[in-house]
Each structure stands twice: as structure tokens, then as C-alpha cells.
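As a plain string of letters, each chain reads:
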Amino acid sequence: GAVVSQHPSRVICKSGTSVKIECRSLDFQATTMFWYRQFPKQSLMLMATSNEGSKATYEQGVEKDKFLINHASLTLSTLTVTSAHPEDSSFYICSARDGTGGANLNSPLHFGNGTRLTVT
Amino acid sequence: AQKVTQAQTEISVVEKEDVTLDCVYETRDTTYYLFWYKQPPSGELVFLIRRNSFDEQNEISGRYSWNFQKSTSSFNFTITASQVVDSAVYFCALSGAKAVGGTSYGKLTFGQGTILTVHP
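Chains as they are written, first to last, in this note's numbering: chain F, 1 to 120; chain D, 1 to 120.
Be careful, since some hints might not be right.
List time: in silico EDC-like cross-link candidates among lysine to aspartate or glutamate, alpha-carbon distance up to 20 angstroms [claimed, not checked]:
| hint | chain 1 | residue 1 | chain 2 | residue 2 |
| --- | --- | --- | --- | --- |
| 1 | D | Lys3 | D | Asp29 |
| 2 | F | Lys41 | D | Glu44 |
| 3 | F | Lys41 | D | Asp22 |
Distance windows between CB atoms, simulated [to be verified]:
| hint | chain 1 | residue 1 | chain 2 | residue 2 | range |
| --- | --- | --- | --- | --- | --- |
| 4 | D | Glu44 | F | Asn70 | 37 to 47 angstroms |
| 5 | F | Ser15 | D | Ile60 | 43 to 53 angstroms |
| 6 | F | Lys14 | D | Thr117 | 29 to 39 angstroms |
| 7 | D | His119 | F | Glu63 | 25 to 35 angstroms |
| 8 | F | Ser15 | D | Lys16 | 47 to 57 angstroms |
| 9 | F | Ser54 | D | His119 | 22 to 32 angstroms |
| 10 | D | Gln69 | F | Ser15 | 45 to 55 angstroms |
| 11 | D | Thr72 | F | Lys20 | 39 to 49 angstroms |
| 12 | D | Asn52 | F | Thr120 | 39 to 49 angstroms |
These aren't lab readings, by the way, just hints derived from the structure by calculation.
If you're wondering where the values come from, they're calculated on a predicted model, not measured in any experiment.
Virtual Cβ for every residue (Gly too), placed ideally from N, Cα, C.
Bound-form chain F, shown alone (with noise of 0.2 angstroms):
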């Protein structure tokens, strides 16, 4: 079945340092995916929607400068965390919706298994 593939699952950075998370969709077209972080125990909050070929769409509130987010192909989206500070550890976790024979409303989801960021 359709897999989607987020990649790393874990990382630990220092302060300052930026980190990139990729989320790629194993066999199928993703035109579209999302971004969503997740603080502990708590709920999933989208972040941006990345469109393939264009601007990432930001959700209000989300700083574009920090979170950089790529959807330069069909299958892969990169969400780059800038000069990254404690307190952006957090659940990052990525969702692609299958456009392949174009988007539609029975288009399926699917998630990536998410990363945690750690920021010392």
C-alpha cells in the first residue's frame, strides 16, 4: 500500500543549528502535503500546506522565515527548521494526500511516521 516516508524519526541538535525533516511519498503523487506539529500531550496543529511547484501556505501564527518548508517534486516535501531553539522540540509529522490521477475529495491521506526534535 502507499507508504509515506518521513525521515529522520529522531534528532538531536544544539541551539542555533537549523535541522531539515523530509517527508516522501514512496509510490505515489503527492501535489500536496502537510505539516503538523505536535507539543507533548498535546494535539496536532497544522502548520503549513506545501503545494508542489509553489509557496508553502502557512497556517496564522507560524513563522515562514523559521520553518522553511520545499516541495520542489512530486513526492518530496522538506520542512527546515531554522536556528532552531529549545523551544521548538516538539512532534513534527507530515501528511501527503494522493494526487495521483489528480486531486479529489477521495483523494487518500497519509501520514509519516513523524520526527521528534530534541534542541539542547
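We have chain F; now place chain D onto it with these hints.
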């Protein structure tokens, strides 16, 4: 604006008991989709069900059943004869589809989640 409310923060039951997880939603969209996901301690989201707003038929899948009541904007989830492996966080989520071509489909608004603990 969309909103999903899962009023039960935590539920604890003993194995073999039936348990119902409540979900109430708000949306102005006439077409929308409701989801349930399971999140085990490992963090990944496990898809359980998707239901569109035009289909109010209840659904049963093994020990799982869902009761969609459009009149009360509720989409409750029942686990029959619970098992220890059912212990997880369960999220109810809502996606609209009002944009042309359904391009907003896939942007999920999640509820706060219900932590289910099933004791042996």
C-alpha cells in the same frame, strides 16, 4: 472556523469493557470529512476511519464502531470488548472541502485527543 472537541481527556477501563470516545465538531462547510486516528506511544498516526458529511450510516469494523449524528454534530467511536493493545491516544479530526476541486481537503483540524488506558 472549524473546531473539534473531545471532552474526555482520559479514560481508564478494564479489559473487555466497552468504551465510547466522544467527538463533537463545528464547521460551516456543507461538505466535510471526519476522521478517527489512533496514536500509540511510538507516535505514528494510525488511520481508523473516514466519513463524509453525506453518509450518516453507522459503521462497524470488528470491535470498532462509529456513530455519526449530523443533527448533534457528533461522531462518536466505540470499542467493544476493549483490549490492552487498544491503549493509545485517539484523535478525532475534521477536514473541510469547500474550495473548488476540493483543494482544501486534507487540512485536518484535530481534537485534543483522548488518552485511553485499558488495564488487564
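Quick rundown of the hints versus the structure:
no., hint, result
1, D:Lys3 - D:Asp29, "12 angstroms, holds"
2, F:Lys41 - D:Glu44, "14 angstroms, holds"
3, F:Lys41 - D:Asp22, "18 angstroms, holds"
4, D:Glu44 - F:Asn70: 37 to 47 angstroms, "23 angstroms, violated"
5, F:Ser15 - D:Ile60: 43 to 53 angstroms, "50 angstroms, holds"
6, F:Lys14 - D:Thr117: 29 to 39 angstroms, "36 angstroms, holds"
7, D:His119 - F:Glu63: 25 to 35 angstroms, "43 angstroms, violated"
8, F:Ser15 - D:Lys16: 47 to 57 angstroms, "49 angstroms, holds"
9, F:Ser54 - D:His119: 22 to 32 angstroms, "50 angstroms, violated"
10, D:Gln69 - F:Ser15: 45 to 55 angstroms, "48 angstroms, holds"
11, D:Thr72 - F:Lys20: 39 to 49 angstroms, "44 angstroms, holds"
12, D:Asn52 - F:Thr120: 39 to 49 angstroms, "45 angstroms, holds"
Of the hints listed earlier, those the structure fails to meet are numbers 4, 7 and 9, in rising order.
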